[in-house]
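Participant: Residue strings, one per chain:
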Amino acid sequence: MAAIASRRLAKELKEIHTQGCPVGIQLLSADNFEEWHLSLEVMGESQYQGEVFALKFRFESQYPISAPAVQFIVNERYTSPVHPHVYSNGHICASILGNEWSPVLSVIGVCVTLQSMLASCKKKERPPDNDRYVRHAPDNPKQTRFHYHDDTV
Amino acid sequence: MAELQVPTIDDLRVKLCYICREEEQYDRPETQVNKSAWVHPCNCTLVAHESCLLEWIKTAQQNPSRAENALKCPQCGAEYEMESDNPPTLRLMNFVNRLLTIGGRVVLAVNLSTLVVAFGTGVYIVSTAYGLHAMQEFLGKEMYDTLLTDDPNNWPFHAWFNLPLIPISLVLSRTSLPETGFSTLLPLFVAWPVTKPVEPKGPTSFLQLAGNRLSDYFPFVPEKEGLFSWPPGPLMCTILYISVRTAYRKYWNQFAHWVLDHRPTVAPDGRRRRRFLWDLDEDGAGPLRIRIAANVLGERRQERQEGQGERQRQQAGQQQQQQAEGQEQGGHDEDANADDNEPTARYTGSSLGRLIGGALMIPKISSYMGSLLYQLSQHSTILRRFLGIRPPLSVGLRLYENVTPAFAKLTPAQQVAAYSRAVLRVFLYGTKQWSEMDPVWFRNTIGLGLFVVAKDCVELFYAWLSKKELESRHVKTRPFRGIDARGLDLIPPRVAI
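Residue numbers (UniProt numbering), protein chains in the order written: chain A, 1 to 153; chain B, 1 to 497.
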């Protein structure tokens, strides 16, 4: 792991510890600079009231030049939110995790963006190509070339 | 005056790189370990290490989908301005590089087209060779040597189009688009009969062709037999062939429908419907059997439907109206079962092979049938006369025999008349070679026709047998042998009163 990546992640971690997370976001685990887990909850009135999700961040050595691989954790405890841009295996079709990633974003920044993505959802449904995608999806969502449809939802 | 100076990056007390999040404080020198220069490239408050920013820009530019955002501030969207040493040498080399890229594309395109052309040429050569073989089979050796020969130098120019078209047309003629298949062969039939025969002594120049030698093969003077000799010329035969074929197809279809006892399916707009089905791993019954099964089943359903219609009729008592309705219903039913009744061109791996193989066998078959007819004609004068069999010309063509030396001395009116007669003759009998030589092609055509009829008969017989078998099918019922009768819920035996 390149020095820049670990130093930057150390800084982000320190900020989380000193300043705390925004409402609805909690750090679950950050034992190393390769994989972090955070929990996500949509506050206020929304389609996802009372639901808690977990996000998995995977960092490459090129972070923050390269985007982290972010997905919802799907296991016996957590599920992936039913959302038109979230596949049932937890993969997220969001441009900020792909070609619109920029180093100005951070782990907390991504969490907040995803939180507002869920909060603005009007109708809970899976992406239209969910079944097909999930059948052939790679383990790492960064290997998928998503076509970002609309940013309004 | 108040704004003495616009602050720059160097005036910031705390500098935080938005990429690596390293901090540098003006009053704490121990934070200034990173020697990298700082930049403020945009309009907002983001600052960064120049090395970090360059790294980011370089990475983003390498990814085509991100390249357009590489030189933009992620926060305010302002364009970064890049400065770099761009000496003329580098610019020249960049230019050359771009040219090479374009050149590479051109080379690729040329290579691809070469490949296509090479492949096309291969197909062309093979098709031409096959066409040549087909012509030899069809015309017979003697006429082939006069009209075409093995030497491509002697070929008339239209041979280069017509020969390679032969295999394609043959295959097409066996698909469900016979009209197209035939139309591609048509130029062949039209062009060849009026073509000058090959000059055995080397190629003929165009001047000679247009000049005095025209009379060598263009029959200015009627033959001794008169205007009506047998067999007709190739042009006449083509026309006859088309009409006979069309009529045959029409009546044969009617006959086949009568034998198999079903009506041809006609779409509401009167066109025949065709379905194409590609099924390369076929199994079980062949397409013919399936088609017949579909027809039989469709009919059974229809009968049931009609029966229902009849019951309705009795109930309502308004016979005529109901009858019409019943018929309509029948029609609907046919529509609904279009999948079953539609004539389906079902292409399976083997049927495709049969189609192409069978098509390419046509010249061989027709040649074989022709020689069979020839053998038979040895025993029958009528057949010999019908086929117009002539002894082969051993001494070459009698080319000059009929040319009138006085042709030049005729009046213009007589010349026109002579010309018209000649044209009519070519139309009816073809050029001299065609009318003088043993008409192998004629008996081959007749032979092929007979073969087609025989084949159709066999196919129809097969279809009829299959249909009979299908119609007679029932599932055999068995007694409950070996099963305890007490365990079955049986009708109580009638007690005698």
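Simulated from the structure, these hints should not be mistaken for laboratory data. Note that this is a predicted model, so its numbers are computed, not measured. Be careful, since some hints might not be right.
Stated by the list, open to error - Selected chain A positions facing chain B (Cβ under 7 Å, derived; list incomplete):
# : residue
1 : Ile4
2 : Arg8
3 : Ile65
4 : Ile96
5 : Asn99
6 : Ser102
As the list claims (entries may be wrong) - Straight-line Cα separation of at most 16 Å, EDC-like style, residue types lysine to aspartate or glutamate; simulated pairs:
#  : chain 1 : residue 1 : chain 2 : residue 2
7  : B       : Lys72     : A       : Glu100
8  : A       : Lys11     : B       : Glu79
9  : A       : Lys56     : A       : Asp31
10 : B       : Lys468    : B       : Asp484
11 : A       : Lys56     : A       : Asp139
12 : B       : Lys15     : B       : Glu68
13 : B       : Lys141    : B       : Asp456
14 : A       : Lys142    : A       : Asp31
15 : A       : Lys11     : A       : Glu45
16 : B       : Lys455    : B       : Asp438
17 : A       : Lys11     : A       : Glu41
18 : A       : Lys14     : B       : Glu50
19 : B       : Lys250    : B       : Asp456
20 : A       : Lys142    : A       : Glu35
21 : A       : Lys14     : B       : Glu22
22 : A       : Lys11     : B       : Asp456
23 : A       : Lys11     : B       : Asp85
24 : B       : Lys467    : B       : Asp484
By construction, the Cβ of each residue, glycine as well, lies at the ideal position given by its N, Cα and C atoms.
Participant: Does each hint fit the structure? Answer for all of them.
Facilitator: Taking the hints in turn, this is what the structure says about them:
no., hint, verdict
1, Ile4, "holds (5 Å)"
2, Arg8, "holds (5 Å)"
3, Ile65, "holds (5 Å)"
4, Ile96, "violated (10 Å)"
5, Asn99, "holds (4 Å)"
6, Ser102, "holds (3 Å)"
7, B:Lys72 x A:Glu100, "holds (11 Å)"
8, A:Lys11 x B:Glu79, "violated (28 Å)"
9, A:Lys56 x A:Asp31, "holds (13 Å)"
10, B:Lys468 x B:Asp484, "violated (39 Å)"
11, A:Lys56 x A:Asp139, "holds (12 Å)"
12, B:Lys15 x B:Glu68, "violated (27 Å)"
13, B:Lys141 x B:Asp456, "violated (30 Å)"
14, A:Lys142 x A:Asp31, "violated (22 Å)"
15, A:Lys11 x A:Glu45, "violated (33 Å)"
16, B:Lys455 x B:Asp438, "violated (27 Å)"
17, A:Lys11 x A:Glu41, "violated (24 Å)"
18, A:Lys14 x B:Glu50, "violated (24 Å)"
19, B:Lys250 x B:Asp456, "holds (13 Å)"
20, A:Lys142 x A:Glu35, "holds (14 Å)"
21, A:Lys14 x B:Glu22, "holds (12 Å)"
22, A:Lys11 x B:Asp456, "violated (87 Å)"
23, A:Lys11 x B:Asp85, "violated (35 Å)"
24, B:Lys467 x B:Asp484, "violated (40 Å)"
Hint compliance for this structure: hints 4, 8, 10, 12, 13, 14, 15, 16, 17, 18, 22, 23 and 24 are broken, all remaining hints hold.
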